[in-house]
Amino acid sequence: MNLQVLPKGALVEWIELLSARYRVIGPKRKQEVVQQQPAGDTQQPPREQYIFGELQGAHELELSYPSTILPPKKVFLPQKEELFSFKDNGHQVDLQLDERRTVIFGIHTCDLHAVLLLDQAFSQGAADQHYMARRANTTLVSIECLEPCSENAFCKDMGTWIMPETFDLHLTDLGHEYALEIGSAKGSELLQNLTNIRTATETDYWRFNQVISAKWARFPYRLEADLSELPSLLAISYRSQVWEELGQQCLGCGTCTAVCPTCYCFDVVDEVNFDLTSGKRFRVWDSCQFGQFASVAGGHDFRNSRAARLRHRFYHKFKYQSDSFGLAGCVGCGRCAEACLVNIKPIDVINKLHRKRVAVSGKRQEVMG
Amino acid sequence: MSLPLIETFSTTSAYLPLVARIADVRPLTQLEKLFTIELPGDLSLKHAPGQFVELSVFGVGEAPFSISSSPSRSNGTFELCVRQAGQVTDALHALGPGDAVGVRGPFGRGFPVRRFRGKDLLFLPGGLGLAPLRSLINQVLDERSNYGRVIILYGARHPSELLFQDELTLWSAREDVEVQVTVDRSDGNWQGHVGVITTLIPEVQLYAPNTVAFTVGPPVMYRFVLVELLGKGIREGNIWLSLERRMKCGIGKCGHCQINHLYTCLDGPCFPYAQIKRLEEAL
Amino acid sequence: MASIRTSPAPVEIHHLTRVEGHGNIIVDIRNGTILQCDLEIIEAPRFFEAMLRGRPYDQAPRLSSRICGICAVTHTTASIKALESALGVENSQQTDLLRQLNLCAEMLDSHLLHVYMLVAPDLLGAGSIIPLAVESPDIVHRALRMKQVAGQICAAIGGRHTHPITMTVGGFTHLPTEEELQVLLRRLDAISPDIESTVNLFADLVLPDFERETEYIALQKDHGYSLIDGFIASSDGGSWPIEQYRGVVNEYQISRSTAKHARHRRQSYMVGALARYKLNHEKLNPQAKAAAARLNLKPTCQNPFMITIAQVVEIVHFYEEAIRIIGQLLELGIQWEEIAQPARQSGEGVGACEAPRGTLYHHYVLRNGAIAEANCVIPTGQNLANIEADMRALAPQIWDRSRDEITLTLEMLVRAYDPCISCSTHMLEVRFV
Amino acid sequence: MTVSTKPKVAFFDFTGCEGCQLTVIDALQTHADLLSAVEIVQFREAMSERDEDYQIAFIEGSCSRTSDEARLKAIREQAQIVVALGACAHLGGVNALRNWQSSDDVRRYVYGQGGKLYDSHKALPIQAIIRVECFIPGCPIDRNEFVNALKALLQHRLPRLPDYPVCAECKLNENECLFMRGIPCLGSVTRAGCGAICPSFGACCEGCRGLVSDPNIGWLRAVAVEHGLREGGFEAASRLFLSHELMESEGDRHGKH
Ligand SMILES: Cc1cc2nc3c(=O)[nH]c(=O)nc-3n(C[C@H](O)[C@H](O)[C@H](O)COP(=O)(O)OP(=O)(O)OC[C@H]3O[C@@H](n4cnc5c(N)ncnc54)[C@H](O)[C@@H]3O)c2cc1C
Ligand code: SF4
Ligand code: SF4
Ligand code: SF4
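Residue numbers (the working numbering), protein chains in the order written: chain A, 1 to 369; chain B, 370 to 652; chain C, 653 to 1085; chain D, 1086 to 1342.
Worth flagging that the hints you see were computed from the coordinates, not collected in a lab. One or more of the hints may lead you astray.
[Said to hold, decoys possible] Now the stretches of chain A that chain D is said to cover, found in silico as 3 or more residues with beta-carbon under 8 Å: (1) 244–251; (2) 269–280; (3) 290–296; (4) 333–342.
Note that the structure is predicted; figures quoted are calculated from it, not measured. Built from N, CA and C at the ideal position, the CB exists for glycine as well.
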């Protein structure tokens, strides 16, 4: 391992250097909104919220953020994205791929795992050039999480709390300095002209190992089933009563899929100009939790209840994606649990299914024994 | 040599349609029209029966349609049979010869025609389901000697909704094709069979082990037809269906067409029953 | 649309156009004698006071905003001011400045709409804005350009112009950033030539010559041209705290109208741009003063057609005012602040604002956080009696002209007041307990 | 697709604040080319010319008195397409708040003894009186949605409303959910399309665009209570714009039993 060390103070210089060559994006504080008067008696203090956004300088960068509202997928797959514009009824089309050179700072390892999964989804078969162009021109600077970001995160269970094999540049907070691992040529390119960086010494390695090993104990396991059991657990739970119960609660608002770093379903819409012969085609985020998502002309809806839609989401995350990509479709970031108004949380759902199975197989053993 | 259309997307964007021209529009029924689409330059669709294209009306949107013409009969043009059902299809019905449309495709898995050589082929289109099967039927008829019996049982709700009536007449006239047509509700002039499509199946004599069945129609129809076909002893792997789903991209990205873990646009739309029978969301 | 029966039958103008809301003019003049001269308000009654009853107080500004889409900011502000006075809420200076800025922007937007789109076509001899857009596109584009900036100010402060989102009791739920304010400043700067051209355009137009003495009422403040608060002042002398508004407006009901009328000491009085100008002209900003001189508007003016000119002067004034307030906000720096909380849940309060068309009052009694009683006094309601009095004075002077001309002149008179009819269809019976 | 002639459009107003028409006028600031695509033949708020020959009628305001009904029906006779412009026309708007009180009461409170003179009944969406092809929701309407709807109509198709809740758009804007700050919001049962403008400016969604087709009101109420909303507070909040829809669905339920 080639470890470099960067004093925290050098971030200012580094981001300035990078800003000359790249669009620099990183976690920053969401601009505060004024506290409206709560209607009830429970006055909650406003919580700090973070988003990935373009940085004006290092002062905006918040590397010790817990989580962001939306994951970094929005950089590669914007909420609303022009696919092409057309004129003269389509006889003239204009396509502009977004090839801005970009650096994203401070991606947590779970989100990095998620980007790798998106890479699979968008490169497999017919590649998605819009995604690929952005991805190819982006360098990711990930950061090691030293503490769980929320009680809803279960990255340790999903194996995403540590760095994946592919990365560009990875930071670990050593207190006054960052340890820096270089994972790719793209990553090392970011270090050009950076003066304040040095190669790690024995002591640095020792400190680094200290920090990493101290991390282990701080992360609890939260799933009662093992990652490897999830596909088989789901395989037998398709008709579980749990889905009906959750379906009753679900608001169908699609918040969970919007905040999910591995959700990428989209809709395609045209917008025409008043001449009716020119316009644009856009891709916009969609959600499998919306009523019309799977309905076809003639009105047949192939997933026509909130329970069925919710179940599809869980199967997609915990079974279908791992079956087809060999990567878990859920990276355990906990965002959906955090954002869900009716408290539908993957940890609870999986544990509930697991307990049911244990109870059933226990009973069966009793009968057989 | 003509170039396959699909290769034109790989260099630019998979979502960028190629501008094609409507060469001809022929009304088939009140709601359905047959569009002949002409590709520009040297391009050819190079499709397999059962595959579909994404057709754009610029400024309105895009929708998937099965290719209705046979690959054996196309040279730079192909046909789509389109039912007026919503935004894109309404707009399409308002277009005429010479108008521009966008085309992407062909997409999906069609019927693996070669595998059916020597087999007896049983076609069971219901209503608009004839659109994709017509492609396969005509291909089979163009290489008729490669196959055993060809039986077509076609059902529509009403005589006025029968598609491709001229072709049905042609097929019926052939010695080597067995055709039966039925309608759910008759009108005064209808001389033929009345009853849902499943009522035709028991009367057909089949050698089940050598029969491959193809059925395309609405979800309710599948349920009943499958019972009959399986009852006849046709193997699950020899019953082919084509499934319709909402679809936006056609290339396995947008997520709309998922049937459990399968993507209709990549893994289908043509499936052998054996592949989907355990999938809750399939039928 | 005007449908006129053959002489000597009455002139009836049904379906008054280019005003907000539905009204008819009915004039019956025979041989120079007026038999009838009424402005009939036929807008459906809205019943806002009844709907306000029982609502949680924080819904009152939202609901009252829907009284009028054109002066939504003013209704919202007056409603909030009434609530704050009832609940004992103290505001920050920043909140006050932002509210004033938003009111300036609404004043600009509304006056621009009125002078360019509703009045100018008459004066320029174009049927209305649509033909005007064909004949003089530059004039229309200029108006749209300026209106757009006014709308952008409203959007930055309130989220949108019609029915502002962020304005609430105790402050704002969202604040513009300093960058946004800088951008607005630049945009205001860019329309400076348009403001000047507006003055020039109206300086060249000829308005009907007609005068009638009446009483003028507007809010007044010791410093500055009052928009919010202050006291009620009359051109006949005297001033009253806004809580005593009922002694000033004396609303009464007449059968032919779903709107209430008002009178103070005379049979009628006028509120709005001309009244404000007459009472507060020394406090206008410098460019506005210069514009008044250029437009020949005098504090002694008694011509209701000159309301339009007073609006043009106010366009200049509020344009300057917007720049001044943004400057002040930038100087102070936008501070993130908590929304001020009420000191109590019951009480009574009156809020008053200058709407584009005149003084607006909201008056509520609150019990346990809900509205128990509500009364809103709307500018157009206050002007109605004065409009009719003007019509009665004007009609005999023009009765010998052609029917078309009579119609047009009377319509122009009513339109000069910029009546906001859907606002004014409300009631009055106040049953404060 | 091209259209041969400019369609004639007319604007009408009933019980409302004219804020939606004003939004239409404001749309000209950013879409001046609108005027080249249609011929406006009636727009009382902005013009005097009037022509009774039109194909598309935009109707603002709710129907709140008997005399409005005939006018609505006459418009329906003439127009090929009737568009409900804004919450008042679409849902009855804030006007429907008074439907919870008896008409006599309401009249008496506002106009005293003279109240009897006024022709007025419950405030209804125009759909309660005439057939409506197209809805542009919102109080006021969203300028872009209006422009897009008009374009769709020019393309001879009916614009389609989103059938998912405001929360979806709220998330796209990366807002912190207002519930997390103790502010109850109707976003999760309200039809999207406004870009979640209210939550994005720190205020709760008030439901001005009407309910989605499958609203989970029961659970939202529970969530609101869990987040500290007082007894009855949810009802009070939802009545501002949803009065008519809620009364209808209540009526349905009683009707069934
Ligand atoms: C593989 C495949 C092959 C096909 N082959 C053919 C073919 O050969 N011929 C043919 O005619 N069709 C075919 N179809 C079906 C065809 O794709 C659809 O009819 C078409 O997509 C309809 O598009 P549209 O824009 O006209 O309808 P849309 O406007 O998209 O309406 C379609 C459906 O959208 C939904 N919808 C309706 N109202 C709303 C609303 N208010 N909000 C949200 N959603 C709503 C409904 O389910 C409606 O029925 C095929 C489909 C697939 C997947
Ligand atoms: S919907 Fe709202 S903005 Fe539109 S007319 Fe009604 S109250 Fe006014
Ligand atoms: S603030 Fe309202 S709209 Fe936004 S997520 Fe929360 S409930 Fe939904
Ligand atoms: S957020 Fe809610 S209240 Fe606000 S505009 Fe949207 S639907 Fe209307």
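**Study point:** Given coverage of the region 244–251 of chain A by chain D, checked by CB-CB distance under 8 Å (3 or more)
**Key:** Coverage by chain D holds for the region 244–251 of chain A (4 residues, Cβ < 8 Å).
**Study point:** Check of the region 269–280 of chain A against chain D for coverage (Cβ-Cβ below 8 Å, three residues minimum)
**Key:** holds (count 7)
Review point. Count the residues of the region 290–296 of chain A with a beta-carbon closer than 8 Å to any beta-carbon of chain D: does the count reach three?
Key: The restraint on the region 290–296 of chain A holds, since 3 of its residues have a Cβ under 8 Å from chain D and three suffice.
**Study point:** 8 Å C-beta test of the region 333–342 of chain A against chain D, three or more residues
**Key:** holds (count 3)
Hint violations for this structure: none, all hints satisfied.
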